[in-house]
Amino acid sequence: MRAVIGSYTIRIERRADLRWWHTVVASVLAILVSLFLVGFAFLRAGADPLEVYREIIAYAFVSSFGLPQTINRATFVLLAAFALIVPLRAGLWNIGMPGQLYAATLAAFGVAYAFGAKASVNAQLNGAIVIPLMVIAGLIASGLYGAIAGFLRGRLQVNEIVTTMMLNWAMLWIVAHMIREGGPFMGRTAEGEGFTLPTAIRIPQILGLPLTAYAAVLLALVLTWFLAKTTLGYRIRTFGESPRAAEYAGIYATRISTLVFTLGGMFAGLAGFHYFTGVPGVYKIPKNYGEFADFSFYGLITGLIARNNPIAAIPVAILFGGVSGGARFMQGKLRLAFGIDYALLGVLMIMMVAFQALAQYSVRIERVVTAPARQVGLERGESRVESPRH
Amino acid sequence: MSSLLVISLAAAAVFAIAALGELLEQRAGILNVGLEGVMLLSGTFGFIASKTSGSYLQGFTIAILTGALVGLLHGFFSITLGSNQVVNGMAIWILGFGLTTYIGYPYTGPLGLKPFPTLGGLPTFFVVALVLAVAIWFLLFKTHLGLELRSVGENPSVAEASGISVTGMRYLAAVLAGMLVGLGGAVYSLVYNPVWSYNYLQGWGFIALALVFFSLWNPFLVVVGAIFFGILWQLSLYPELLFPNIFSRYIWRAMPFVITILVFILLSTRWFRLRWGATKPEALGIAYERQG
Numbered sequence: 001m002r003a004v005i006g007s008y009t010i011r012i013e014r015r016a017d018l019r020w021w022h023t024v025v026a027s028v029l030a031i032l033v034s035l036f037l038v039g040f041a042f043l044r045a046g047a048d049p050l051e052v053y054r055e056i057i058a059y060a061f062v063s064s065f066g067l068p069q070t071i072n073r074a075t076f077v078l079l080a081a082f083a084l085i086v087p088l089r090a091g092l093w094n095i096g097m098p099g100q101l102y103a104a105t106l107a108a109f110g111v112a113y114a115f116g117a118k119a120s121v122n123a124q125l126n127g128a129i130v131i132p133l134m135v136i137a138g139l140i141a142s143g144l145y146g147a148i149a150g151f152l153r154g155r156l157q158v159n160e161i162v163t164t165m166m167l168n169w170a171m172l173w174i175v176a177h178m179i180r181e182g183g184p185f186m187g188r189t190a191e192g193e194g195f196t197l198p199t200a201i202r203i204p205q206i207l208g209l210p211l212t213a214y215a216a217v218l219l220a221l222v223l224t225w226f227l228a229k230t231t232l233g234y235r236i237r238t239f240g241e242s243p244r245a246a247e248y249a250g251i252y253a254t255r256i257s258t259l260v261f262t263l264g265g266m267f268a269g270l271a272g273f274h275y276f277t278g279v280p281g282v283y284k285i286p287k288n289y290g291e292f293a294d295f296s297f298y299g300l301i302t303g304l305i306a307r308n309n310p311i312a313a314i315p316v317a318i319l320f321g322g323v324s325g326g327a328r329f330m331q332g333k334l335r336l337a338f339g340i341d342y343a344l345l346g347v348l349m350i351m352m353v354a355f356q357a358l359a360q361y362s363v364r365i366e367r368v369v370t371a372p373a374r375q376v377g378l379e380r381g382e383s384r385v386e387s388p389r390h
Numbered sequence: 001m002s003s004l005l006v007i008s009l010a011a012a013a014v015f016a017i018a019a020l021g022e023l024l025e026q027r028a029g030i031l032n033v034g035l036e037g038v039m040l041l042s043g044t045f046g047f048i049a050s051k052t053s054g055s056y057l058q059g060f061t062i063a064i065l066t067g068a069l070v071g072l073l074h075g076f077f078s079i080t081l082g083s084n085q086v087v088n089g090m091a092i093w094i095l096g097f098g099l100t101t102y103i104g105y106p107y108t109g110p111l112g113l114k115p116f117p118t119l120g121g122l123p124t125f126f127v128v129a130l131v132l133a134v135a136i137w138f139l140l141f142k143t144h145l146g147l148e149l150r151s152v153g154e155n156p157s158v159a160e161a162s163g164i165s166v167t168g169m170r171y172l173a174a175v176l177a178g179m180l181v182g183l184g185g186a187v188y189s190l191v192y193n194p195v196w197s198y199n200y201l202q203g204w205g206f207i208a209l210a211l212v213f214f215s216l217w218n219p220f221l222v223v224v225g226a227i228f229f230g231i232l233w234q235l236s237l238y239p240e241l242l243f244p245n246i247f248s249r250y251i252w253r254a255m256p257f258v259i260t261i262l263v264f265i266l267l268s269t270r271w272f273r274l275r276w277g278a279t280k281p282e283a284l285g286i287a288y289e290r291q292g
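Chains as they are written, first to last, in this note's numbering: chain A, 1 to 390; chain B, 1 to 292.
The shape of chain A in the complex, shown without the other chains:
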């Protein structure tokens, strides 16, 4: 596209070479512009956005209460991001984090329930046996729940976006069944929330953080290695780039898509396991469990902004874990309407897409050089190639 303004030409062209820093700049810009736009919500409430953001940072990344909360939220977001990243490397979309994370959570609490954990918070249980069983049950449940979408996609070409979304809603109602109105996991006193996990089978902590937080960082490294260096990782990427070519290379669509969704489901499952069995002050399926389902979509944006890179997702997850929690804190303080973190989620998503799309284009401004007046009477065969363009 070209537009001429005065003696300047503005050229907008699709980049032939998209460098890595183009996408980094696009991601950073998307985050900054989104924070700027959401600042208007604070402005409308009569607060100075800069001051609000200063307080959010002070709360989420500095205060001794907010920082562990940020890290716990970031762990959740990071694991949810892996749930997007693995299938997306194979070109498939997993938006089933809510369903998968609650599949794992229900399975883990089911194991605890089977050991009689519902009876009392002080129930005498052997954590060394029960906790690993809870992890295994959670991984199996979330892996299977994820695998449904992958198998249907690979085998029957059923759109995985629709399937995962349907599975999300189904699971949210199943959770409601389990914890509300006399459901098996209903807490003894409170209504509408699950029973509290006994102290003996909560995830152990190191330096005030649940083990799962450390595990998530480790998993980022393992996942990077897996995708980059192993045969299976290579197959996944090949399939993502061209399913047809992959088929000629003997890579089966059904196997790959089932595999990536199983792995993705397991990561989402770990996110749920981390938050509901590991985060101090939670240790149960909370009443507002639906909000955590929504919160897992921050993993979707994190994966996209990090451009499918598990390690790059770590800082992004920390940022979003902190800002979303901090925004919620300020929302309470300024008495704003519910959902400022949701607004940020929405704006971030559209800005991310806009900037990633725009990063594909280059804008150049050139001075128009007027071609010299055409000489008359050129000899036949004489070169006319004199314009500075050539």
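If you're looking for bench data, these hints aren't it; they were derived computationally from the structure.
Everything numeric in this text was worked out from a predicted model, so none of it was measured.
Every clue listed holds true.
Calculated cross-link-like contacts (lysine to any residue; reagent style SDA-like; alpha-carbon spacing at most 25 Å):
| hint | chain 1 | residue 1 | chain 2 | residue 2 |
| --- | --- | --- | --- | --- |
| 1 | A | K287 | B | R249 |
| 2 | B | K280 | A | T254 |
| 3 | A | K284 | B | Y198 |
| 4 | B | K280 | A | S242 |
| 5 | B | K280 | A | R155 |
| 6 | A | K284 | B | Y250 |
| 7 | A | K287 | B | M255 |
| 8 | A | K284 | B | N199 |
| 9 | B | K280 | A | A245 |
Using the hints, position chain B against chain A.
Frame of chain A, contents of chain B only:
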């Protein structure tokens, strides 16, 4: 029982109108997986407009305008910038979900207008949906414009070579579809269930999207599917009508979503998949870049 049927048809109207919009743009090669987001945005803005002005007309107008604008936005990303349509659709969905949760929250609660009039007992918008299905069928298969729209969805470079503006056609489809989906969103929030609450749409946009895939891109099958899901949804709300005392009511609420997946599986016969592959707009979801 007959009142159940009536309210099922009211629900079917929402599914049908939104799915017809999506069908129209898919026929032109544009895939918008963010139907839910478009419906949330238009439904919420329509709801706010109606609630503050007390007029249905304003609500519907705002909703349709919102839908058109969001369609334009999706078109800009997908047509002009040529970026991945699935990503764009996701963005629209999350944008709708996030923004409406924040913007709509102060308006939580019932609409407070007197119920929208019916057409002799039949839900008005079900009749509208039927008319729209016929109109879209006529447009797509009996008019020159429809032929051009479909050709853009099948083989854009050939369409371009025969003098059709691919960009223009696709924008037209995206905006028209946005308006229809916006209307669908407003039918939900103003007529079917005029109570705003956070994320009130509960996945209906995704069910409508699934309907388009079920329907082999045929407007009449969209309506049939919509009626099926309308009845299913109502049964999940009032299971005691057919199956008293089995499962808790929460398990019943999960049913329509489980059944959507089951329908996908049941439909996946060899015959259906062949037909599906043959009917699917060839260039669905693929950005067109003009050569030269």
